[in-house]
Amino acid sequence: MKQPSDIPQPPTRRQTGFSVAGTLYGLTTLFLAVGAVNGQNNLLFWAFGMALGGLLVSGIFSGSGMMGLRLRRHAPPAARAGEPVTIRYTVRNANRVYPLFCVTLTERLPKATAGSTPRPSVAFLPHAPPRRESFVESPATPLARGRLDLSGVNASSSFPLGLMRKSMDFDLPATLLVLPARLHLRDDLHAPPARRGHGGAASPTSVGHSPEFFGVREYIPGDNPRLIAWRASARGDTLIVRQEGTPPPTVVWVLLDIPANLTEADAEDAEPGAGEARADNTSLSLVLRTERAIALAAALIERLTNRGFSVGLMIDSLGIARTPAAGGWHARRLLNVLGALDLTRTPDAKARAANSLSRIRREHAAMIVTSGSDAADAPGPTWARRLSAVDLQSLLAPGATIPAVLMPPPPPETPAEKRRRILREFFMVDPVGEVAMGNAGIELGVARSTATADGEDAPSNGPASTSGRTPVSSPARPPAEAPR
Amino acid sequence: MNDDIRFRWLVFTAAMLAIFTYAVADESWIFGGLALALAVIGWNVTERRGGRAVPRALIATAIVLAILWAIASGLREGLNVAHFCQFTIAVLVIKCYDRRTSADLGQFVMLCLFLSIGALLTSNSLWMALALIPTLLYSVAAAVAYQFHLGRIAARRSAASSPPQPVLPTRTPTPTLPTAPCIRGLSRTLALGWLLVVAVSLAVFILFPRNVGADSFGRWGNAAVGMQTGFNDEVQLGEPGLISTSSAPVLDLTVRSTDGRILGAPEETYYLRGAVLDSYRNGRWTASDSSRQRIHDLSAGLDFGFTTGRAGAGRGQNTLIELDVMIRNARTEGYHLFTVWRPRSIEFESRAVIRYGDDNGIVTRDGQSGRVRYTVVCEPVEAAVAIPEGRLRTPVSHDSPPIAALAGEILRGAGLDPDPATRPIEDDAAAAAAIERYFDTGFEYTLDISSPSDNRDPIEWFLLEEKRGHCEYYASAMVALCRTVGINSRVVTGFVATEFNDATRHYVVRESNAHAWVEVEVVPPRPVDRPAAVGESPADLFHPGTSQWQTRDPTPSGEFRRIHRPEPTLASQVRNIFEAVNYAWITSIVAFDDTTRTNLVSAMRIDTTALDHWVEDAGRRVRHGGSSLVARALTNALVAAASVLFLGLALTLGMPALKGIWRSLLARLARVRGGARSARANQLAGASFYTRLLHALARKGHAKPAWQPPLAHARELCSETLAPPACRVAEAFYRVRFGHAELSPADHAAIKADLAALD
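For the record, the sequence lines run as chains B and Z.
Positions in the first sequence are counted from 1; adding 632 to them yields the working numbering.
Positions in the second sequence are counted from 1; adding 8 to them yields the working numbering.
Check each hint, because a few of them may be wrong.
Said to hold, decoys possible - Some but not every residue of chain B turned toward chain Z, in silico, with C-beta under 8 Å:
hint, residue
1, PHE650
2, GLY667
3, GLN672
4, MET682
5, LEU684
6, SER753
7, PRO761
8, SER770
9, PRO771
10, PRO1013
11, TRP1015
12, GLU1057
What the hints assert, rightly or not - Computed footprint of chain B on chain Z, listed as stretches where at least three residues anywhere in the stretch have a Cβ under 8 Å from a Cβ of chain B:
hint, segment
13, 60 to 74
14, 128 to 135
15, 149 to 156
16, 199 to 209
17, 589 to 599
If you are wondering where the hints come from, they were derived from the structure by calculation, not from laboratory data.
Positions of the beta carbon are idealized from the N, C-alpha and C atoms, including for glycine.
If we strip away everything but chain B, and leave its shape as in the complex, we get (with noise of 0.2 Å):
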């Protein structure tokens, strides 16, 4: 993710409102001054001199308090889809004298992007000093794979009695890479073996141990006896030993068939039956295949990767092609490259005519992840590994599931359905609102706020750094929400 600036920023916009509680409460300031008029209660014009006392103090505190706040939001170092990932904040509060409470920092998502999330995250921040700057996190979980673009983050408060709420814009634009979602596959599932031994290396490129000959060198005491080439030995006056080099890496070309625009060929793979049947005989959505064969990608990429193959990424419809290469890194880029991916826009028809499939030689591995229902139609090498994404659940580990951001969304409540729930609430005994989540105690998106002096950066990592104060363990599981 992108940041601007490392400074907290001003913001760009304050707006400033009466609640639905604030208006509530003005007309009952005019009820009392109207009453103390007309009835002469001498306790009535105190009660209003308190309310209007009252709307004093709100007014001074929340607007005072709010002029001082400054923003940054820091970029998390990884984001997948359907895994929460944790949005930080620095605020600070540059004002001098006053405190700022209950701030609730609420990220504005684009329109484009607003599906993408359930609902906007939010932190809260219970309280920051003056001239101090505070954290606060919030955990948000981007459900679908791409560029998450957060515009800004709004900042509101309506401490002390919620009759007026003051919230502040802040543009904070950064663009955040969804990876696909992360998928546990079962252990048998790699690549097929390599053509006759060669691994698709000519030889080992770097000492190592095993059994493939690297080089000779002068023997050294202490090296193994049975490394000593003897027969080399002989021929000279010094023993020579054997260097073992490590073997070269696998090459394994990971291709994705995937249709080249989503919006043209959702319309035409429309028919039941195209994909997985459901219990209920309806099909999977092109949009979800698709993003199912991604997903497989990316865990075939991180499984070879991380068992020492050299993996390299093919998407012909899209004319994307990426050499092979060992390592976390060189999976990452390709990770980034499938999280990149925007299937509804039309590719460039130069890079579709490119023909990729010429550049994987017979000595390489290769796997086909196709989003089709049939993975033998999937087009590649004939001795390539064809794995579909309609069977998803045969693919993954004994016990894993497939994350909730690649299944179908539920079906609509029927009327059948409504009436019974709501039959159920109105004459069943419920849980009492939010008392189970109030007794689990369980605190998430709250500020903490720094010993640090006026002006300096806390650790980013590691406990608070307060003094005095001991660091909570991770929280547990909030309880569901009782329904309303």
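Fit chain Z to the given chain B structure using the hints.
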């Protein structure tokens, strides 16, 4: 206990305190206790772990029943504060059994504040004020804590939408409890906020003018300071039962002389007349319709007083006293005010419609319920008034031969003629005194009395058989006896002021001080101010043609003292201390009037004349403007809103054009400045020969010091070949640099030649 639980208990405590405060204000202990008990049970059942709410159907039914009850009560008794508060309490109790979300908890806080306002409208007593203080503190604390709660809930919901997987190894743990700096900062902020609120409320309380706009919007807003009196303007004899002996104060009396000196003493008693009952039938005393009543409408204008027309009546000068009466809780319609016989003038502090009886001096009031304060100027000993010529006595009778016989016996025993036809009118006073003394022996005072047998006249039964009763029986009996012997008399009910508080120098009149006594009409036995003339009868020694109402109390004095002036005990002394505090609360805060305000403001040297005039003018306009004023105000508001809207639209639509115009103006200005600058820059660029001059001199070993002007340096050059050209070039540079001159091509050529000579 985490923040959520602590917040919920804070809300519950605020709600319970609000219910308790209203119960104190309304003195509805049973209702308040029941509501508290139900609320505590409901809250505890639903708040514990695994607690469950009552099914929604029952909750909805309870709410509907509460609404129906409120509507029915409103239709039956009219809308009043009590109904609203009771409905609010019912809703609070029902919500204690319902499931509660954040919105419900916010509603709790709001209902607490409404209930507090209801308590203020119900009573202004000291107990209510003491109960209101913690209620307000907890309610405001709950409102503040609610903001924190909302933020936590919003963050929790956002987190709940995310799977609870441990996300990143670098994720820092977050605390679940507010930190100490947060609490300290919050406490300081809230303390500062409270100070500001108290300061503003104090300023409003002191500076806001009083007596402006009262009753402009109907009769509401005033509150009581104590319980309503059980005073009844009728006396029904013959019913069994126990008369109330409640010691709850009902009114406060301060007696002053006309020069402002406070009168009163523990042994001094004042009879505060409420109702005059002069018609007896079937055991019931009522007020006859013959008394003339004058109506004084004090709802308009600024004069809240009137005179009774008694000023200067009668002969001689009577000492006048001033009574400052504060009734703690008056009714709205037809409420009897209490004065000492006979009132001369009455001054009120608020608007009302007053009815005054000329004959009996009874004052009734129609106005706001609650606390009522007024000042009465009285003549405690009525001056004699003239009676119509030819009428010696007001003809009265009481149809009861046994009572007449008894009266005759009493008078004969006192050496007086029982026959009114033959008895001198001047003996009426003595006769009345004799009848009054008759009850001192042989009679017993009791508050618990049985009823006479069927069809037996209660007065006869009391006089001839029972000889036990309370003040109403004694008064009734004395009036009956007086009337049978032709003495005009009447029963008066009211209160006796006997409890004098030395600390506050005022009388506390309690419910148990309700009393009944007698007034008899007699010729005042005052000597004339001249000796009897020849031929004048002894009767002429009295004021012929005059009569006077005298107050007589037939209740045995010992019993009177026992009932109304008991021996002080420790409890009564403690009670007196509290009464003193309570009275200080009432007089300084509750009864803070315009006079006190003016004095206080003057003492603080604050000029509120402008504010007073403005408020008074606004009140007058509201009173006279009425609905047309409201309509005009609404129209003005609509026009203003439409104007703002139109202006906003115009700005919104026209803003881009305005911006374009502004930008073009700025660009033009920049061009002009840039052009002028570029011309100047060009000019200076043409003086680059000066740099060449400096270089040439430096090459020749005559570098110019930085501190020296170029022409001065050129003139100091010793070389005859260098100095002249250097001077010419320097002068040319001066012309360009400081003279803003344009060099001609010939000048440039000459300069070039000089520079070549230097090189």
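Report task. Could you work out which earlier hints the structure fails to respect and list their numbers in ascending sequence? Result -> Of the numbered hints given earlier, those the structure breaks are 1, 10 and 11, listed in rising order.
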